[in-house]
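Protein chains: 6
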Amino acid sequence: MSNKLKLGIPKGSLQDATIALFEHAGWRIYASGRSYFPTIDDAEIECMLVRAQEMARYVEHGALDAGLTGNDWVLENQSDVERITSLTYSKQSRTRVKWVLAVPEDSPFEKPEDLAGKTIATELVEFTKRYFAAKNIPVKVEFSWGATEVKPPTLADAIVEVTETGSSLRANRLRIIETLMESETQFIANKAAWADPWKRSKIETLSMMLNGAMDAQIQVGLMLNVRKADLDKVIGVLPALNSPTISHLQDPDWVALNTILDNSLVRDVIPKLKAAGGAGIVEYPLSKVVL
Amino acid sequence: MSNKLKLGIPKGSLQDATIALFEHAGWRIYASGRSYFPTIDDAEIECMLVRAQEMARYVEHGALDAGLTGNDWVLENQSDVERITSLTYSKQSRTRVKWVLAVPEDSPFEKPEDLAGKTIATELVEFTKRYFAAKNIPVKVEFSWGATEVKPPTLADAIVEVTETGSSLRANRLRIIETLMESETQFIANKAAWADPWKRSKIETLSMMLNGAMDAQIQVGLMLNVRKADLDKVIGVLPALNSPTISHLQDPDWVALNTILDNSLVRDVIPKLKAAGGAGIVEYPLSKVVL
Amino acid sequence: MSNKLKLGIPKGSLQDATIALFEHAGWRIYASGRSYFPTIDDAEIECMLVRAQEMARYVEHGALDAGLTGNDWVLENQSDVERITSLTYSKQSRTRVKWVLAVPEDSPFEKPEDLAGKTIATELVEFTKRYFAAKNIPVKVEFSWGATEVKPPTLADAIVEVTETGSSLRANRLRIIETLMESETQFIANKAAWADPWKRSKIETLSMMLNGAMDAQIQVGLMLNVRKADLDKVIGVLPALNSPTISHLQDPDWVALNTILDNSLVRDVIPKLKAAGGAGIVEYPLSKVVL
Amino acid sequence: MSNKLKLGIPKGSLQDATIALFEHAGWRIYASGRSYFPTIDDAEIECMLVRAQEMARYVEHGALDAGLTGNDWVLENQSDVERITSLTYSKQSRTRVKWVLAVPEDSPFEKPEDLAGKTIATELVEFTKRYFAAKNIPVKVEFSWGATEVKPPTLADAIVEVTETGSSLRANRLRIIETLMESETQFIANKAAWADPWKRSKIETLSMMLNGAMDAQIQVGLMLNVRKADLDKVIGVLPALNSPTISHLQDPDWVALNTILDNSLVRDVIPKLKAAGGAGIVEYPLSKVVL
Amino acid sequence: MSNKLKLGIPKGSLQDATIALFEHAGWRIYASGRSYFPTIDDAEIECMLVRAQEMARYVEHGALDAGLTGNDWVLENQSDVERITSLTYSKQSRTRVKWVLAVPEDSPFEKPEDLAGKTIATELVEFTKRYFAAKNIPVKVEFSWGATEVKPPTLADAIVEVTETGSSLRANRLRIIETLMESETQFIANKAAWADPWKRSKIETLSMMLNGAMDAQIQVGLMLNVRKADLDKVIGVLPALNSPTISHLQDPDWVALNTILDNSLVRDVIPKLKAAGGAGIVEYPLSKVVL
Amino acid sequence: MSNKLKLGIPKGSLQDATIALFEHAGWRIYASGRSYFPTIDDAEIECMLVRAQEMARYVEHGALDAGLTGNDWVLENQSDVERITSLTYSKQSRTRVKWVLAVPEDSPFEKPEDLAGKTIATELVEFTKRYFAAKNIPVKVEFSWGATEVKPPTLADAIVEVTETGSSLRANRLRIIETLMESETQFIANKAAWADPWKRSKIETLSMMLNGAMDAQIQVGLMLNVRKADLDKVIGVLPALNSPTISHLQDPDWVALNTILDNSLVRDVIPKLKAAGGAGIVEYPLSKVVL
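Chains as they are written, first to last, in UniProt numbering: chain A, 1 to 291; chain U, 1 to 291; chain Z, 1 to 291; chain S, 1 to 291; chain V, 1 to 291; chain Y, 1 to 291.
Just chain A, with the same shape it has in the complex:
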C-alpha cells in the first residue's frame, strides 16, 4: 500500500466546509449521502469520513496517514501525532473556537476553585479532568451526550463547553468564568507516515494547496493605473506587507499596479487609492495565493 495516502475527512459540522476547501485547493471529493468512503479525483489518496472526536485516535494508530480535526480533540485524546498546519476555516467564521467553563448567570460561582465538590457536564471529559486535577480542585466530571448548555442548574452545576461567540451560552443564561482552551482545525499526520518520504511530500503538497486556497478566500487582486508622479503616494496607501507588481504601459507617463490585498481592507484602501490619484481601479477575485 505504498504510494497511497489514507486521509481522514471530518464527518459532521466541518464536513461540507472541508470538502469545499479541498475543491478550492484542487481536489474534488464526492461524498454520497450514505457512504463513509468518499471518492476523490486523485488515485494517490483514499478518503474516509471520521468523526472529529475520533480522528486523532485513528491517525495516531496509523489506520489513517493524515486527517483534519480540531486541536481540542487532539488534546482530549492526548494523541501523539505530527501537526502539519492550522487551517482556520470554521462553519461560520474564521475565528477560533474556545472551550469555556460556564455557570448559571445567577450562581455564586466566580472562579474554577468555587466548583470544588460540584458536578461538571462536558463532552471533553478527559481534558476537563486533567485541567481540574492540575489545579487540585476536586470535581465530578460527567460525559454529556449533547445539549450541554441547558443542563445547569438542574442537571449539572457547571459545564465545559465549546463556543464561538458566546451567544448560545447567553441565551441559556450562563456566565463564562474561565477559558480553558482555544482551538482551531489542525491538519495532522501519523508519525510513521510523516517519516515516509513519498507520504511526507504528498502531505506537504496538500498543505501548500490548502493554504493557498484558504488565503485566496480572504484576499483579492487589485489592479490600477497610476501617473508616475503619483506612484509613491499611491504605494504609500497600500499595506506594507506585499509590494505591488509595477509594469510599464504604452503611455510612458503611466504605470500599472497589480497587487493582492486582504479582503477586509478593501473598503478602506480603495477610497484612499482614488484620493491619491489611482485610476481605473479594478478588484478581481482570486482562487489561490502562494507567495
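In short, the hints are calculated from the structure, not lab data. Treat the hints with care, as some may be off.
In silico DSSO-like links for lysine-lysine, alpha-carbon gap of 30 Å or less [stated by the list, open to error]:
| no. | chain 1 | residue 1 | chain 2 | residue 2 |
| --- | --- | --- | --- | --- |
| 1 | Z | K140 | V | K191 |
| 2 | Y | K274 | V | K274 |
| 3 | A | K140 | U | K274 |
| 4 | S | K228 | Z | K228 |
| 5 | U | K274 | A | K4 |
| 6 | Y | K129 | S | K129 |
| 7 | V | K191 | A | K274 |
| 8 | U | K129 | A | K118 |
| 9 | S | K4 | Y | K140 |
| 10 | V | K140 | Z | K191 |
| 11 | Z | K274 | U | K191 |
| 12 | Z | K140 | V | K111 |
| 13 | U | K274 | S | K4 |
| 14 | U | K129 | A | K4 |
| 15 | U | K191 | A | K140 |
| 16 | Y | K4 | V | K272 |
| 17 | Z | K129 | V | K4 |
| 18 | Y | K129 | A | K191 |
| 19 | A | K191 | U | K228 |
| 20 | S | K129 | Z | K233 |
| 21 | Y | K118 | S | K129 |
| 22 | Y | K140 | S | K129 |
| 23 | Y | K4 | S | K118 |
| 24 | Z | K4 | V | K129 |
| 25 | S | K191 | U | K274 |
| 26 | Y | K4 | A | K191 |
| 27 | Z | K140 | V | K272 |
| 28 | Z | K191 | S | K272 |
| 29 | V | K4 | Z | K140 |
| 30 | S | K228 | U | K228 |
| 31 | U | K228 | A | K140 |
| 32 | V | K98 | Z | K118 |
| 33 | Y | K140 | A | K4 |
| 34 | Y | K191 | V | K272 |
Since chain A is already given, all that's left is putting chains U, Z, S, V and Y on it; use the hints.
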C-alpha cells in the same frame, strides 16, 4: 414543589413519536425548535427534553420524577429506577430493537469467544464490557461517537450496535454473530417519586392513557348486523379474546355486533364475517381503548 | 344572480385553517397558488380570497354576500354588517386574540393616560384613535406596515398590537399595560343578503355545518359497557351537560353507553369511568356534532 | 412458487395513491426511494413497481399475476387480461380521465375527418392509429415523449392527450374536438393466475378489501337519536339506498339510528334530519365499508 | 453617539439583495431570522431592518441617519431627505419599476379622466390622491392591503400598482392606461446627518463602494494579446468609453490589452476582436470597479 | 421570419446545465416552470424547450433551426442534420455517456451473440435493432418506458441502457458485456438554416461563445513574477501547449508571467513553479477563453 411532576421526554429520534403519543393520550406538548423545556397543557406536569442515553441517570438522581427511555440505556447506566410500563412505539415500527455483536461478513469470527484480544467499537461501552467480562473474554471496548457500522475492519474488529431490521448492517457487509439484548421504550420513575401517593397516581394516570392511546393505534372498531340464526357462526369467526357487544335491533330477527379487533387481523376477518352472514360491515378508527 | 352566494375567504394566515374547516364541514375549496377565485364544489357558492383587513368593507358594500374575518377588523372599519356566528379556530389554538397597548419594559408608562403626547404605532389606526379619543388622551397614531413590536423605543413610544400568548411581546422586551379588545373570527353577512330568504337559508346551513365541524374537532365519542348495578355511579362521573345514550344489550345485566365528551376532559374522565366500573371503554373520533 | 402472488404496483403518478389505498385496505407497502421491489407485510404477496404503460404487457405474459393500471394502457397494448374491478381513485379526484383529440383554438379543424393527411402527436400511438384506421382517415401518428400539449401548431397539427379537467389544454390554447376514450384504474389479472384457485381467492380478497377501503373514503357514519313519533319523518330524509340500523334505548320513547351516508350528501342531509326531529346528531369517520 | 452611523436596511423583498450588495461592497451583515437589528462587521455602523414603505419617514425624523428605499416611498411620504445615489439592483433585474394606472381589459376606460367618480385601489394612497388632484379628476382612492391586481372590476374600478414587466397585470386581464411614476432604489440620508462631516464621509464611502460593487456585477475584465500591426483595428472594435491599458510584452511585436467591458456587450465584442486579430482572449470576473 | 433563429433547448436532465452554460456564454434564458417557450435576452433568437429524444427530428424537419441534444438521439432518429460542435457538459461530469448491453451478473450471457432469441428492453429501440441486425443476431427489442435497469431477469433478458459510471447497473446486479456507442451533447443545425448566411453566422457566434464559456470552466488564469535568471526553468514547468504572456516590470531583474492552465493541472504545477523560483503566484478564475 409537591403536586408537580417533572417528566423527561426523550430528545432526538424518539422525540416526535413521543410527543405524538402524548397528544393521542390527551396531553399536548409544545416543543419549540430551540428550547429544551417544552410546555404542556397540564399545570401539574413540567417537561424537559433529555437524551435517551442520559434519561435513566437523571431519573435515578431525582432531577426528574419520571421519563421515557430505552431499556438499553437503563441497563447501560445500571440505574436504580422503577419500571412502570413498556411502550412499544418506535419510529418505524412496533418491533423491539436489538443490540447485536457484528463482524465483517468475510471475517473468521463466528462466536463471541473468537474476539478475545480484539477491539470492539460501540456506544454501549459499559454494558458491552460487562457482557464480555461475564463470559471471561478479554476484549478492548472503545466508545464510538457514531457511524459505528462502518468501522470494521479498518477502525475496529467488531461492533456492538443497535438494529431493527439488520438492513444497515447488511449494507455495510457485516454479519451478526450474537444478540446481546432486546430493548424497547420504558416509562420509568424515580423510586422516591413512586413512593409519593400524588406522584404515583399521576404517573399511573399517564401510564393508563398512554397505553390506551397506543392500543387504539393498532386496533379498530367493527360494527355489523347479523341475523340471529347466523350469530354463532359469526362470533366463531371473531378472535376469542374480546367478546363483542351484542345489541337488539328494532327488527327482532337481527342483532347488531360491535367489537374491537387488531388492525392486522381485519383483512382476514372481514371476508370471513361476510361469508358467515355478516351484513353492513363497517370498520371505524379508534382513539383510545381501555378494556 | 339569485341563488348564488358570494363568499369571502380570508387570504393569509387564516386561509389554510378556513379551507380545512370548510372541508370538515362538507365543502371542498380548491385554492390554486395564484388565483384569488378558488373553486368550490357547490354550484350555489362563488368564492373569493380577500384580506381579513378588507373583508368587512366589501361585505358591507355588497361586493360579497358573506365572509369570514376577525371581529377586530369589523370594528376597525366600523362596518355595518350582520354577525352570524363566532368561529374560534385560529392558526395555533382556539383562544381569542387580544389587541393590547404595550410599552418598553423599562419605560415609565403604566397606564394609557401616561402616553399623552406620545407616538403609537399600530395596524389598527382608526380603532386606536377612537379608543384614545374616548378617553380624551391626545396621542399621535401612526400606521405600521409590519414588525410593529420592534419599533419601541426607537421608532415609536408605544404600540397597539395583536397577541395570542404575549410571547412575541416579551421577546421584544415590551410590557402590556392595557387590553383594548378581544377578537375572534366572525362569520358576517351583508344586510341585504341576510334579508333575502334564499341567501339567508344558505348562510344558515353554512353556519350550522361549520359549527358542527368545529365542535367535532374538540369533542370525541365514548362507548363503554356498564353493569346495570354500576350505571348510576358511571353516569355520575360524566359531565352533566349531555346525557349519554343508553341501550340494552343481549346480556340483560349490562347496558351500553354512548356519549360525546370534550376532548380536554377525556384524560380525567376515563380513569374515573374505569374506577366506577366501566368496561370496554373505547374513544372514537367525530367528524360533526349537531346536538 | 405456488401460494405467492406477484403483484404489480403502478410506478409514477399513481404510486403514492395506490400505496395509500393498500394501507387503508390493510396491507402496508414499503417503497424505499430507489428499489423497484417494495416490501409488503403479507408473506403471500411479492410486489414490483412497474410503469402503468407496461403493466398490462407483463400481466398478460405472466411475469406478474395481477396489477393495477389504467384501462387506457390495457387498450393501447391490446392485452388479453382478466379485468377484476375498477378502482376510481386518481391523484386529484375520483373522476375518470379522458383521452381527447385536441387542436389549436384558432385552427380550422372541427372533427376527426378534418385531420386527414395531418400529423398527430400522442403517447397512445397504437390506440390512436386504430381509431383513425377504423374511420378510414389517413393520418401520421408520432410518438410524443412528453409535453404533448405544447406541440401544436409548431411540432404537430393535433394531439391525442389525457385530461381530467381540460385546464392544461385550455392553458395551451387547445380545443377538444372529440373524446376517444374514458379511462379509469383497473385491477387486472393474468388469465392463468385467475384460473388458479389459490391465486383467484387471494385476488378476490384484495379486491374486496380495496373496494371496502375506497368506499369508506367517500362515506361516513351517522348516529342520531329520534323520538319514536318522529321516526318515519327522519327515515324519509335519509337516502333510500341503505336502511339504517335502529336500536332500542333505555328511554322507551326514543330509538337510536346508525347509518352510513355518502360524504357528499351530509351537508344537505344533516340540516333536514335536525328539522325532522333528529337529536344528538353525530358524524364519524369510517375505515372500511363492506355491505 | 457620534462616530456611529444608524443605517436602515429594507426589510422584505429587497432585503436579501441589499445584504448581498453590501457583502460585495465589503460589509458583511448578519441578519438572523428573527431579529430586526442585524449585526455588521463595522463598529461604526448600526443596522436596523425597516420596511421600505416606512424608511423615508424614519430617515427624515432622524431615527436613522441613512437608509435604502424606493423612490416611490420617498414620494408617497413626501419626506424631506437627502438623496445620495440611485442603486438599480432589484430582485429580478436592473430595470426600474413603474407605478401604473390599470383598468380591466374590457372596460371602457382609456385615460385617467375617464375614472372621474370611480374607486381606485392602491398601496400608494397619498401619491395617487395628489396625482388625480393635480389633474382635477375627482376619484375615491382606497388603501389596498395587497393583491391589488385582482380587485378590478369586483372590488375596485381601477388600480395604481407597481410592475416590472407587466406580466402580473396581463395575467389578471388588466390594461395599463397611464404610467404615473418610475422608481428605483435610493440611498437616502437625513439632512442633519449629511451636514455632519464624519457621517457624510462615512456615507460617501458607503456610496462609492456600493456603486463599485454594483458596477462590477455588470462588467467583466478582458485581456488579449495583439500584434502591434493590428492594434488600431482591435481598439476600433472596443466601445469608445474606456480606453484599454496597453502594456509591452517581451516579444516586441506584440502588446497586451487589458480592459473592462459591459457584460452585455461581450457576446458581440469577442467575435469581432478575434476577427480583428486578437489572440489569447480571456474574460475574467470583477469584484469592484472604481474608475 | 428572417433574422430570427429558432433554437431548441433540451427539456429535462440537461435543461438546467444548458441554461447555465448559455448564461456563462452571454445569453440569459428565463424558463418559467410551466412554459415551454422560455424567453432569451436576444431579440434574434426564439427558444423552445424540446425533449432531447425528439430534438433531432424537429431540427431535421425545420421546425427548429438549431438545437442541443445527445449524439445518441441523433443516431436513434437517423436524422439528417448538420453537426456544429460537441459540448461535453453533462449533469455530473464532463465524461461522455455510454450505451451498453447489460445482462444479469449471474446469467450465462457473455457476448451479444449469446442473446439470440432473447428479449432486450431499451429506450433506444431503433438503434438497438440496427445494431443486432448488422450482426445478424435475431433478438426481440421492446421499448422500455423507464427503470430499464430493474427489468432483467424478470421482465427482460438483457437491456441496452445509458450509463456514466456504471454504478446504477452494478447496484442492480447487472454486468456490461458490450459498449454499443459513446455519446455526448451535440449542437446541431438544420441543413437549410446552415446554408442561410445570417443564420449560419448566428449559429457560429453561439458556437464560439458556448465553447469559450465551457473552456473557461475547466481552465484558470495564473500570474507570477520570475527573476529573469529563472525564466527558462519556470517556463519548463508549464505545459507546452500555451506559451505564457511575459511582460516587463519596473524592476528590470524580474518579469511577470500570465498564462492559462487546465484546472486539473494546477495542484501539480504550482508546487513545481514555486520550486523553480516563481514568486507571488496567484490563480484567478476565468469567464471565457477564446484562444
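Hints and how they fare:
no., hint, result
1, Z/K140 - V/K191, "24 Å, holds"
2, Y/K274 - V/K274, "34 Å, violated"
3, A/K140 - U/K274, "68 Å, violated"
4, S/K228 - Z/K228, "24 Å, holds"
5, U/K274 - A/K4, "70 Å, violated"
6, Y/K129 - S/K129, "23 Å, holds"
7, V/K191 - A/K274, "26 Å, holds"
8, U/K129 - A/K118, "28 Å, holds"
9, S/K4 - Y/K140, "29 Å, holds"
10, V/K140 - Z/K191, "24 Å, holds"
11, Z/K274 - U/K191, "26 Å, holds"
12, Z/K140 - V/K111, "38 Å, violated"
13, U/K274 - S/K4, "24 Å, holds"
14, U/K129 - A/K4, "36 Å, violated"
15, U/K191 - A/K140, "24 Å, holds"
16, Y/K4 - V/K272, "21 Å, holds"
17, Z/K129 - V/K4, "36 Å, violated"
18, Y/K129 - A/K191, "61 Å, violated"
19, A/K191 - U/K228, "88 Å, violated"
20, S/K129 - Z/K233, "77 Å, violated"
21, Y/K118 - S/K129, "28 Å, holds"
22, Y/K140 - S/K129, "22 Å, holds"
23, Y/K4 - S/K118, "26 Å, holds"
24, Z/K4 - V/K129, "36 Å, violated"
25, S/K191 - U/K274, "26 Å, holds"
26, Y/K4 - A/K191, "68 Å, violated"
27, Z/K140 - V/K272, "65 Å, violated"
28, Z/K191 - S/K272, "26 Å, holds"
29, V/K4 - Z/K140, "29 Å, holds"
30, S/K228 - U/K228, "24 Å, holds"
31, U/K228 - A/K140, "73 Å, violated"
32, V/K98 - Z/K118, "36 Å, violated"
33, Y/K140 - A/K4, "48 Å, violated"
34, Y/K191 - V/K272, "26 Å, holds"
Going down the numbered hints, you'll see the structure goes against 2, 3, 5, 12, 14, 17, 18, 19, 20, 24, 26, 27, 31, 32 and 33, while the others check out.
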